[in-house]
Amino acid sequence: MPSSDYDSACLPDLLPLYYRRLFPFSQYYRWLNYGGVQKNYFQNREFSFTLKDDIYVRYQSFSTQNELEKEMQKVNPYKIDIGAIYSHRPNQHNTVKSGTFQALEKELVFDIDMTDYDDVRSCCSAADICSKCWTLMTIAIRILDRALRDDFGFQHLLWVYSGRRGVHCWVCDEAARKLSVAARSAVAEYLSLIKGGEEMVKKVVLMDPIHPFIRESLNVVEHYFPRYALQDQDILGRKESVDKVLALVPEDVRKELQQDFQNAKKPETRWKLIKEQAKRKQGTAKKGQYFEKEIMLQYCYPRLDVNVSKGVNHLLKSPFSVHPKTGRISVPMDLKELDTFDPFAVPTISLICEELDRPRTGEEEEKSEEEKPEDVKEKENEKDTAERRKIRDFKRTSLAKYVKYFDQFLDGMAGSRKGDLLRKSDLQKEF
Amino acid sequence: MQFPSRRRKNNINPQTELYGHALQFYGQPPLENISLSEFETFAVDRLKLLKTIENLGVSYVKLSEQYAKKLETEFKNLNFPYRPDADDRKIQSGPSEYEKRRKDHISHFILRLAYCQTEDLRRWFIQQEVDLFRYRFNDLPPKHKLEFLHRNNLQYDTISVEEKKTLLDKLVNSSYAVSGITVEDQDFYKVPFQDALDLVRTRKVYLKAGYVYIPHQDIVTIVLNDFRTRLSKALALTARSLPAVHSDERLQPLLNHLSHAYVGQDYSIQKNVGKISLEQIDSLSGKSFPLCMRQLHQNLRESHHLRHGGRMQYGLFLKGIGLSLEQALQFWRSEFIRGKVDADKFDKAYAYGIRHMFGKEGKRADYTPYSCMKVILSNPPSQGDHHGCPFRHSDPELLKQKLQFYKVSPSGISQILELVKGMHYQLACQKYFELTHNIEEASFSLNHPNQYFIESQRVLGGGKDIKREMDTPQRSQDNAVAKGSGAAREAAANAPQGLAEMTEDLDSFFQDA
Ligand code: SF4
Ligand SMILES: [Zn+2]
Numbered sequence: 001m002p003s004s005d006y007d008s009a010c011l012p013d014l015l016p017l018y019y020r021r022l023f024p025f026s027q028y029y030r031w032l033n034y035g036g037v038q039k040n041y042f043q044n045r046e047f048s049f050t051l052k053d054d055i056y057v058r059y060q061s062f063s064t065q066n067e068l069e070k071e072m073q074k075v076n077p078y079k080i081d082i083g084a085i086y087s088h089r090p091n092q093h094n095t096v097k098s099g100t101f102q103a104l105e106k107e108l109v110f111d112i113d114m115t116d117y118d119d120v121r122s123c124c125s126a127a128d129i130c131s132k133c134w135t136l137m138t139i140a141i142r143i144l145d146r147a148l149r150d151d152f153g154f155q156h157l158l159w160v161y162s163g164r165r166g167v168h169c170w171v172c173d174e175a176a177r178k179l180s181v182a183a184r185s186a187v188a189e190y191l192s193l194i195k196g197g198e199e200m201v202k203k204v205v206l207m208d209p210i211h212p213f214i215r216e217s218l219n220v221v222e223h224y225f226p227r228y229a230l231q232d233q234d235i236l237g238r239k240e241s242v243d244k245v246l247a248l249v250p251e252d253v254r255k256e257l258q259q260d261f262q263n264a265k266k267p268e269t270r271w272k273l274i275k276e277q278a279k280r281k282q283g284t285a286k287k288g289q290y291f292e293k294e295i296m297l298q299y300c301y302p303r304l305d306v307n308v309s310k311g312v313n314h315l316l317k318s319p320f321s322v323h324p325k326t327g328r329i330s331v332p333m334d335l336k337e338l339d340t341f342d343p344f345a346v347p348t349i350s351l352i353c354e355e356l357d358r359p360r361t362g363e364e365e366e367k368s369e370e371e372k373p374e375d376v377k378e379k380e381n382e383k384d385t386a387e388r389r390k391i392r393d394f395k396r397t398s399l400a401k402y403v404k405y406f407d408q409f410l411d412g413m414a415g416s417r418k419g420d421l422l423r424k425s426d427l428q429k430e431f
Numbered sequence: 001m002q003f004p005s006r007r008r009k010n011n012i013n014p015q016t017e018l019y020g021h022a023l024q025f026y027g028q029p030p031l032e033n034i035s036l037s038e039f040e041t042f043a044v045d046r047l048k049l050l051k052t053i054e055n056l057g058v059s060y061v062k063l064s065e066q067y068a069k070k071l072e073t074e075f076k077n078l079n080f081p082y083r084p085d086a087d088d089r090k091i092q093s094g095p096s097e098y099e100k101r102r103k104d105h106i107s108h109f110i111l112r113l114a115y116c117q118t119e120d121l122r123r124w125f126i127q128q129e130v131d132l133f134r135y136r137f138n139d140l141p142p143k144h145k146l147e148f149l150h151r152n153n154l155q156y157d158t159i160s161v162e163e164k165k166t167l168l169d170k171l172v173n174s175s176y177a178v179s180g181i182t183v184e185d186q187d188f189y190k191v192p193f194q195d196a197l198d199l200v201r202t203r204k205v206y207l208k209a210g211y212v213y214i215p216h217q218d219i220v221t222i223v224l225n226d227f228r229t230r231l232s233k234a235l236a237l238t239a240r241s242l243p244a245v246h247s248d249e250r251l252q253p254l255l256n257h258l259s260h261a262y263v264g265q266d267y268s269i270q271k272n273v274g275k276i277s278l279e280q281i282d283s284l285s286g287k288s289f290p291l292c293m294r295q296l297h298q299n300l301r302e303s304h305h306l307r308h309g310g311r312m313q314y315g316l317f318l319k320g321i322g323l324s325l326e327q328a329l330q331f332w333r334s335e336f337i338r339g340k341v342d343a344d345k346f347d348k349a350y351a352y353g354i355r356h357m358f359g360k361e362g363k364r365a366d367y368t369p370y371s372c373m374k375v376i377l378s379n380p381p382s383q384g385d386h387h388g389c390p391f392r393h394s395d396p397e398l399l400k401q402k403l404q405f406y407k408v409s410p411s412g413i414s415q416i417l418e419l420v421k422g423m424h425y426q427l428a429c430q431k432y433f434e435l436t437h438n439i440e441e442a443s444f445s446l447n448h449p450n451q452y453f454i455e456s457q458r459v460l461g462g463g464k465d466i467k468r469e470m471d472t473p474q475r476s477q478d479n480a481v482a483k484g485s486g487a488a489r490e491a492a493a494n495a496p497q498g499l500a501e502m503t504e505d506l507d508s509f510f511q512d513a
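Here the protein sequences come in this chain order: A and B. Start counting the first sequence at 1; every next residue gets the next number (UniProt numbering). Start counting the second sequence at 1; every next residue gets the next number (UniProt numbering).
Keep in mind that the hints were calculated from the coordinates and are not lab data. One or more hints might be untrue.
As the list claims (entries may be wrong) - Derived lysine-lysine pairs resembling BS3-like cross-links, with alpha carbons at most 27 Å apart:
#	chain 1	residue 1	chain 2	residue 2
1	B	Lys233	A	Lys202
2	A	Lys424	B	Lys208
3	B	Lys345	A	Lys255
4	B	Lys233	B	Lys190
5	A	Lys39	B	Lys69
6	B	Lys345	A	Lys293
7	A	Lys132	A	Lys39
8	A	Lys310	B	Lys400
9	B	Lys345	A	Lys74
10	A	Lys178	A	Lys395
11	A	Lys97	B	Lys233
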């Protein structure tokens with residue numbers, strides 16, 4: 001096993017190699033071009049680059065895949081962000097009359113960042129993560145993915161590991177890309193249960209009746225809660241953490257529980273006591289009757305940055321961008337393997353560059369040719385050999401499986417586009 | 001004058017046709033000529049109605065009993081159509097129902113002209129008109145609601161009985177007011193979720209595969225959505241035909257005055273720049289800052305950082321009390337570099353935002369300090385945030401502790417908490433002001449953190465530390481509405497006089513757009 005030790009000082013040396021031989025430009029373009037259905041969709045898309053020394057350039061745009069490729073290989077961005085599709089080419093935004101340059105569409109995006117959970121995780125804080133708190137991301141993805149599909153009817157959700165301490169979701173359905181700002185914020189608020197800033201202790205308050213969406217979300221949380229909260233985070237262990245939990249229950253119950261806890265030290269037993277109290281309360285009181293559910297949600301429910309989701313022109317870090325601090329590639333996540341996803345196993349730029357230098361084995365070559373989807377194969381025939389070599393290049397690294405999953409995701413979108421077209425032409429035939 | 005769009009339809013009798021229902025969708029502009037003085041009264045009255053709507057929306061739960069009662073009074077005072085059935089029997093004097101409806105119609109269209117000009121104005125106008133419409137629609141008896149829907153051709157898809165049966169549980173659990181029995185005997189409408197955003201946002205509706213299932217009793221949401229969409233399209237169209245109106249010398253100043261009136265005092269006028277030194281801020285924050293700003297200041301000093309929402313709210317406030325750009329940069333930099341941010345990073349990542357607040361970067365907007373309403377209603381704080389209004393966004397328990405810490409008397413605290421409970425956040429803040437400044441009853445009605453500051457300085461002896469050159473905010477409009485109809489009438493008389501002075505500020509106002 002080669003060492004994947006990443007040193008940010010090497011980034012300037014590694015990035016050129018990454019953009020020249022590894023970055024999956026063809027898939028990337030295929031994604032953002034969305035089948036070429038709408039005119040200038042790719043051309044009017046804003047990219048922004050963070051260059052060396054935190055130099056930030058906004059409003060980049062490109063006419064073709066080739067142009068994008070050339071530019072990235074020239075400037076070797078430390079970080080790539082993707083913005084909206086504008087009314088005009090973003091790189092010409094200064095030349096159009098002010099007021100007419102407007103952000104029109106963008107994927108509906110979500111940004112979940114572990115730092116927002118600092119008040120409920122004891123293992124790490126700020127930018128640090130570990131396998132214990134990573135469960136929070138798993139829960140977040142499970143809950144949001146279900147709701148976006150079942151409740152809102154979206155199908156094409158791309159989940160991406162940010163490279164450090166969080167995940168992003170890109171909802172790519174046409175309907176999602178066309179949502180107004182008001183609709184985006186309504187969706188985000190529907191999905192937000194944690195309310196209030198630092199001056200608010202109790203951040204979840206449930207009322208009767210409990211909405212089906214909350215029930216579904218609770219099902220997910222309940223599945224992870226005993227292992228994650230009671231064991232890994234030990235929220236009912238040390239005195240300070242117990243006090244924090246008890247601050248969320250009604251005053252009369254709090255006193256009783258404090259007493260009971262003196263004889264019950266095991267977290268599971270303590271949790272059982274809380275649940276029993278809640279059950280009793282449900283029979284009598286009207287208010288505060290759901291406190292055990294509220295505790296679970298406050299500790300585990302996804303914390304969204306609503307402002308990121310609201311804005312059409314908000315920029316978000318691009319998939320396959322490198323995280324300059326960790327060196328990890330921002331990779332798409334296959335939800336079929338979500339429970340075993342390990343952020344620390346995500347390849348770093350040093351690792352995959354190193355893998356390139358290893359002698360290739362013939363067997364790898366063949367296998368990779370077969371697996372390509374039809375339309376990619378066709379395209380390849382038209383491309384020059386350099387391009388073909390690049391495609392084979394990432395196949396020889398640990399990046400391959402993520403690109404492969406990305407391909408599947410794109411196939412799925414191409415499939416629904418085809419379906420839409422067929423339906424449309426069928427309709428026309430009927431008349 | 002005549003209205004610019006003159007799509008005269010061949011309708012039979014415009015009087016009965018146009019005003020056949022107490023509530024209108026405002027599909028057709030008025031076709032008649034009206035005098036300039038009528039134009040003016042109508043417009044001012046409607047503006048007052050909309051201001052009332054706005055203020056009530058902050059102080060009360062929308063559509064609560066008190067909200068409705070206050071609004072009802074305002075309707076009567078200003079002669080807008082209200083509950084025709086009840087009125088008809090009694091009216092002896094005053095304008096007829098027809099005249100009221102005509103006033104409703106015409107005044108709405110006048111304000112469209114005044115409020116179509118910028119994004120901000122449009123947003124404000126739409127919001128108030130939508131609230132107004134919601135209130136009036138809700139108030140209609142069921143029979144009139146249906147009649148209104150028919151009259152305006154509003155039809156929505158309902159779901160079948162079978163579908164209702166399979167979804168019964170979910171439908172019951174998705175709405176506060178639907179029980180198993182009422183599900184059976186009311187219609188449910190199925191519309192794309194985009195058409196009922198208010199219900200989606202608050203999770204008051206069942207949502208499946210992109211569609212919401214709305215019980216008939218909530219149909220107002222879909223109707224409102226229609227209303228909002230049409231109004232916003234209409235405003236965009238009106239904006240395009242505006243040059244014609246602008247060339248009218250009699251109308252233009254009036255329209256501009258009308259549209260200016262909504263913001264009230266914006267506290268961004270930099271009369272007092274440089275009158276405050278950075279050293280004074282700590283002591284001022286204890287004496288004269290409202291709690292929201294004191295809280296931000298304290299957190300900034302403690303953690304040497306504030307997140308975006310806090311930087312905006314506090315930064316603009318500081319600008320409003322007279323910090324210059326240079327002072328602001330120095331203030332934020334010196335605090336931030338004490339934390340995790342070094343000077344270089346500060347200049348790259350934060351200085352831009354601060355210059356932006358002062359309008360020096362990215363020519364878009366010269367930001368004005370946030371009003372209480374804005375602080376209370378928009379962009380609520382989330383994890384890591386300290387902004388917002390402590391009366392609205394703190395746990396009552398924490399608020400209590402804080403007030404104790406600030407040495408507010410127990411009886412004062414309970415008065416404040418009582419107001420908070422009733423959701424009168426600004427009144428709670430005003431009570432806090434009175435208690436901490438030792439005055440019986442404040443002579444102003446609080447609606448802006450910067451107003452709080454100015455009033456506090458005034459009480460504390462005009463501020464020996466700060467030269468008193470701060471103007472009394474011109475707040476007649478706001479107060480008029482808050483204090484009821486008597487003052488409102490007075491303000492109505494005053495409003496046109498203010499015209500000449502007001503037009504001077506206009507240029508700057510429209511440059512923001
Ligand atoms: S009421 Fe206004 S001034 Fe008072 S704390 Fe709240 S936002 Fe600040
Ligand atoms: Zn951890």
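Cross-check of the supplied hints:
| no. | hint | in the structure |
| --- | --- | --- |
| 1 | B:Lys233 with A:Lys202 | 41 Å, violated |
| 2 | A:Lys424 with B:Lys208 | 24 Å, holds |
| 3 | B:Lys345 with A:Lys255 | 49 Å, violated |
| 4 | B:Lys233 with B:Lys190 | 24 Å, holds |
| 5 | A:Lys39 with B:Lys69 | 54 Å, violated |
| 6 | B:Lys345 with A:Lys293 | 42 Å, violated |
| 7 | A:Lys132 with A:Lys39 | 46 Å, violated |
| 8 | A:Lys310 with B:Lys400 | 34 Å, violated |
| 9 | B:Lys345 with A:Lys74 | 26 Å, holds |
| 10 | A:Lys178 with A:Lys395 | 35 Å, violated |
| 11 | A:Lys97 with B:Lys233 | 22 Å, holds |
The structure is inconsistent with the numbered hints 1, 3, 5, 6, 7, 8 and 10, although it conforms to all the rest.
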